[in-house]
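Q: In case you want the letters, here they are:
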Amino acid sequence: MEKIPILRMGQFLLVTIQIDLYDRLALNLEADLVQMVSKTGARGVLIDISVVSIVDSFMGRIIGNIANMSKIMDAETVVVGMQPAVAITLIELGLPLTGVHTALDVERGMELLRKKILVDGEEQDADGEYAYDSAE
Amino acid sequence: MEKNRMPMANTPTTVLNKDKMSVFKEQDVVPFRNRVKEYATKIGMGLVNQTKLITAASELVRNMLRYAEGGDTLIEVISKGRENGIRLTFADKGPGIANIEQAMKDGFSTGKSLGLGLPGTKRLVSEFDIKSIVGKGTTVTVVKWKNG
Chain X
0 MEKIPILRMG QFLLVTIQID LYDRLALNLE ADLVQMVSKT GARGVLIDIS
50 VVSIVDSFMG RIIGNIANMS KIMDAETVVV GMQPAVAITL IELGLPLTGV
100 HTALDVERGM ELLRKKILVD GEEQDADGEY AYDSAE
Chain F
0 MEKNRMPMAN TPTTVLNKDK MSVFKEQDVV PFRNRVKEYA TKIGMGLVNQ
50 TKLITAASEL VRNMLRYAEG GDTLIEVISK GRENGIRLTF ADKGPGIANI
100 EQAMKDGFST GKSLGLGLPG TKRLVSEFDI KSIVGKGTTV TVVKWKNG
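From first to last, the protein sequence lines are chains X and F. Mapping of the first sequence onto numbering that gives the first Met the number 0: position 41 corresponds to residue 40, and the numbering continues sequentially without gaps. Mapping of the second sequence onto numbering that gives the first Met the number 0: position 25 corresponds to residue 24, and the numbering continues sequentially without gaps.
If you're looking for bench data, these hints aren't it; they were derived computationally from the structure. All values derive from a computational prediction rather than experimental measurement. Just so it is clear, CB atoms sit at the ideal spot from N, CA and C, and this is done for glycine as well. Check the hints yourself; a few may be wrong.
Stated by the list, open to error - Across the chosen pairs, the derived CB separations fall in these ranges:
no.: 1; chain 1: F; residue 1: Val14; chain 2: X; residue 2: Ser37; range: 51 to 59 Å
no.: 2; chain 1: X; residue 1: Pro83; chain 2: F; residue 2: Arg81; range: 25 to 33 Å
no.: 3; chain 1: X; residue 1: Ile87; chain 2: F; residue 2: Asn98; range: 29 to 37 Å
no.: 4; chain 1: X; residue 1: Lys70; chain 2: F; residue 2: Val14; range: 48 to 56 Å
no.: 5; chain 1: F; residue 1: Pro94; chain 2: X; residue 2: Asn27; range: 24 to 32 Å
What the hints assert, rightly or not - Not the full set, but computed from the structure, chain X residues with beta-carbon under 10 Å of chain F:
no.: 6; residue: Ile18
no.: 7; residue: Asp19
no.: 8; residue: Leu20
no.: 9; residue: Asp22
no.: 10; residue: Val50
no.: 11; residue: Ser52
no.: 12; residue: Ile53
no.: 13; residue: Phe57
no.: 14; residue: Gln82
no.: 15; residue: Thr88
Claimed, not checked - The calculated DSSO-like cross-link candidates involving lysine-lysine, where the alpha carbons are at most 30 Å apart (straight line), are:
no.: 16; chain 1: F; residue 1: Lys104; chain 2: F; residue 2: Lys92
no.: 17; chain 1: F; residue 1: Lys24; chain 2: X; residue 2: Lys2
no.: 18; chain 1: F; residue 1: Lys36; chain 2: X; residue 2: Lys2
Turn these sequences into a full structure, and let the hints guide you.
A: Dropping the structure here:
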């Protein structure tokens, strides 16, 4: 059975979707991710979809679910690298991915996650990441 | 040039190529999408239109799996006047749709979905046609013109 790897990096979980997802795989990813958030206490989830060429309403719903489930588990989700054609199609389809944070690339996605975590949980200040706040 | 966009209604449509494929399980969805992509690439359809067409195809094929346990699809390369395009037909022997008008409304769903499938799909393609007989099945035909 194929599986999408979830990498842990500090307080973040990273997922790169490199193949076209069929339903079972997407549902497994959803379940695995929520479990990983709970097990590792991750504060952020970053999903890279830069090589995904099709996001239909099912995939969109899975992405939304992951974001909402992570949110109740106290983790933020950011989706990065969406292809322009996919963005155009999603909006015409009527799926604006409400509640999902997005960023152009992995770097900006990580920055967004760090900021989000700093804003809601002040306990992270110790490791000097506070610099991000004044940078903007 | 622009004047020639509407009179296409009277121009005959010719089928240049056709390909049949049955879809009965969720693992068939990705190969089907790839097949559609192949044909769309072959006629030189741009990336945005290709993405719209494949997404529409994906929605319709999922509907077929969800409500009718699958069915038969037909991929055709068609030409009308100077325009080339792809026509997709999805025929199932499922329960049919009692109220098509309602099914075409945003937000309506009898299944556990967002109810975006049919109206959303219609927005992604150039032409959309649905015929359904309760108890017999549903046939959806969509056309995406290369530059449409």
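Q: Under the constraints set out in the numbered hints, which ones does this structure not fulfil?
A: When the structure is compared with the hints, only number 10 turns out to be violated.
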